[in-house]
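One letter stands for each residue in the lines below.
There are 2 protein chains.
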Amino acid sequence: MRVLVPFAAEHPKTRLDDIFDPRERHAFARVMLRDVLRTLDEAGHSPEVLSTAPLDSRMPVTVDERPLSTAVNDALDPPMAVVMADLPLVTPEVVSELFSSAADVVLAPGRGGGTNAMVVRHPDFRVDYHGASYPDHREHARAIGASIETVDSHRLATDIDERADLVEVLIHGTGETRAWLDEARLELETTGGRVRVSREASEDG
Amino acid sequence: MRVLVPFAAEHPKTRLDDIFDPRERHAFARVMLRDVLRTLDEAGHSPEVLSTAPLDSRMPVTVDERPLSTAVNDALDPPMAVVMADLPLVTPEVVSELFSSAADVVLAPGRGGGTNAMVVRHPDFRVDYHGASYPDHREHARAIGASIETVDSHRLATDIDERADLVEVLIHGTGETRAWLDEARLELETTGGRVRVSREASEDG
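Chains as they are written, first to last, in the working numbering: chain L, 1 to 205; chain V, 1 to 205.
Don't read these hints as lab results, they were simulated from the structure. Only a predicted model underlies this, so the values are computations on that prediction, with no experimental measurement involved. Among these hints, one or two may not hold up.
To spell it out: a stretch of chain L is covered by chain V in this simulated footprint if at least three of its residues, at any positions, have a beta carbon under 8 Å from a beta carbon of chain V; those stretches are [stated by the list, open to error]:
(1) 26-40
(2) 75-87
(3) 117-126
(4) 132-139
(5) 187-196
A few chain V positions that, by computed beta-carbon distances, are all more than 12 Å from chain L [to be verified]:
(6) Ile19
(7) Gly44
(8) Pro54
(9) Asp56
(10) Pro60
(11) Leu76
(12) Glu97
(13) Gly113
(14) Arg138
(15) Asp161
(16) Arg194
Virtual Cβ for every residue (Gly too), placed ideally from N, Cα, C.
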């Protein structure tokens with residue numbers, strides 16, 4: 001199935017500014033995108049990037065500067081999937097689970113109420129990523145008479161937006177994103193029973 | 001299978017002190033425990049509470065004041081499962097998934113590196129909940145030659161410790177815990193694209 005992967009090419013991952021500088025955030029977003037594209041490809045799907053700016057990629061790239069929901073709705077051509085670019089924990093097995101349901105609308109909620117991945121088979125479905133999009137997408141699917149299924153996956157629910165999310169990559173990640181974090185000298189630290197990410201100073205820093 | 005449900009009966013859920021007073025945290029912890037026990041029961045298992053203090057419950061209660069890992073290891077009698085008491089999103093379907101694997105050690109990671117649920121069939125396995133217990137439990141299982149399986153579930157990964165976790169209950173919760181939060185006048189609020197929990201003032205407040 002064709003899979004759209006929306007990507008914010010400019011000023012990505014601003015909520016990671018307490019740990020990465022702008023150049024690092026730029027690189028980190030691209031590393032996560034590559035992991036997601038590779039995983040979709042390995043799972044037998046055809047990922048296409050929907051980027052806000054031109055981008056080098058092995059996969060086809062469409063540039064659309066408009067807001068996320070507008071751009072996705074314009075490109076949406078069911079049956080089609082939409083998978084976010086900041087899901088480095090996703091494995092081919094998890095992708096297969098997402099596609100295994102035959103429901104008209106399959107939703108993978110993100111932590112915090114977002115929609116991290118979806119499969120759309122109903123021609124009238126439209127996305128709206130603003131706010132708590134997962135309950136909104138459910139309600140919309142119900143309103144248009146589409147059958148709905150939800151995928152319960154920690155890997156799919158974990159979009160990487162802020163420092164606490166990096167803990168999940170260090171614990172569960174295996175791909176290029178994990179290697180990039182190791183290279184950036186990030187490590188787990190346990191303080192008062194809670195696990196956080198800390199960053200070692202670089203040798204030449 | 002017998003399922004241990006450890007419960008911190010005194011001073012529970014201190015990290016929710018920015019939204020609930022001590023009496024509310026006490027009540028909230030018990031509501032979550034009841035949801036977990038009911039769900040385990042509905043899934044056909046036999047939950048037993050391992051509590052730090054005496055407790056009223058429909059299920060058997062053992063009181064053990066010692067630290068969590070010590071008390072659990074002392075009570076552990078494989079085959080047995082250990083499921084945390086603060087997982088109100090868990091459904092009978094998710095519980096069935098946890099028990100569907102025949103591995104010697106089945107682990108359900110919590111967000112932040114903890115171990116929210118496990119099934120132990122290997123006689124030499126011991127728990128250690130301090131710090132990033134999920135990778136530690138994996139390593140220990142490997143060291144004793146136990147086969148390992150991980151359950152990838154957002155519902156099992158979501159233990160309710162702090163304010164941001166309540167968003168998940170308002171979005172995905174269905175049981176008594178969800179009703180309790182509605183009663184406490186908690187609701188979702190979207191600010192700058194991020195979803196948070198806010199609390200309405202009570203009418204008589």
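Note to self: For the stretch 132-139 of chain L, count the residues whose Cβ lies under 8 Å from any Cβ of chain V; is that count three or more?
What the structure shows: holds (count 3)
Notebook entry, point to check: Against chain L, does Asp56/V keep a CB gap of more than 12 Å to every residue?
Noted result: 28 Å, holds
Next item on the list: Could you let me know if the closest chain L CB is still more than 12 Å away from the CB of Glu97/V?
Entry: 9 Å, violated
Check: Is the Cβ of Leu76/V farther than 12 Å from every Cβ of chain L?
Finding: Holds, because the least Cβ-Cβ distance between Leu76/V and chain L comes to about 21 Å, which exceeds 12 Å.
Next item on the list: Check the non-interface label on Ile19/V: least C-beta distance to chain L beyond 12 Å or not.
Entry: 17 Å, holds
Next item on the list: Evaluate the condition: distance from the CB of Asp161/V to the nearest CB of chain L exceeds 12 Å.
Entry: At about 9 Å from chain L, Asp161/V fails to clear the 12 Å cut-off, so the statement is violated.
Checklist line | Verdict on chain V covering the stretch 75-87 of chain L, where coverage means 3 or more residues with a C-beta closer than 8 Å | finding: violated (count 0)
Note to self: Would the non-interface assignment of Arg194/V survive a Cβ cutoff of 12 Å against chain L?
What the structure shows: 7 Å, violated
Margin query: Using C-beta distances, would you say chain V covers the stretch 26-40 of chain L, given that this needs three or more residues below 8 Å?
Written below: violated (count 0)
Next item on the list: Say whether it holds or is violated: Gly113/V keeps its Cβ farther than 12 Å from all Cβ of chain L.
Entry: With a cut-off of 12 Å, Gly113/V comes too close to chain L, as the shortest Cβ separation is near 4 Å.
Notebook entry, point to check: If you look at each residue in the stretch 117-126 of chain L, do at least three have a Cβ nearer than 8 Å to any Cβ of chain V?
Noted result: That given contact is violated, which follows from only 0 residues of the stretch 117-126 of chain L lying within Cβ reach (below 8 Å) of chain V.
Item checked: Interface exclusion of Gly44/V relative to chain L, criterion Cβ beyond 12 Å -> 19 Å, holds
Taken one by one, the earlier hints fail for this structure at numbers 1, 2, 3, 12, 13, 14, 15, 16, listed in ascending order.
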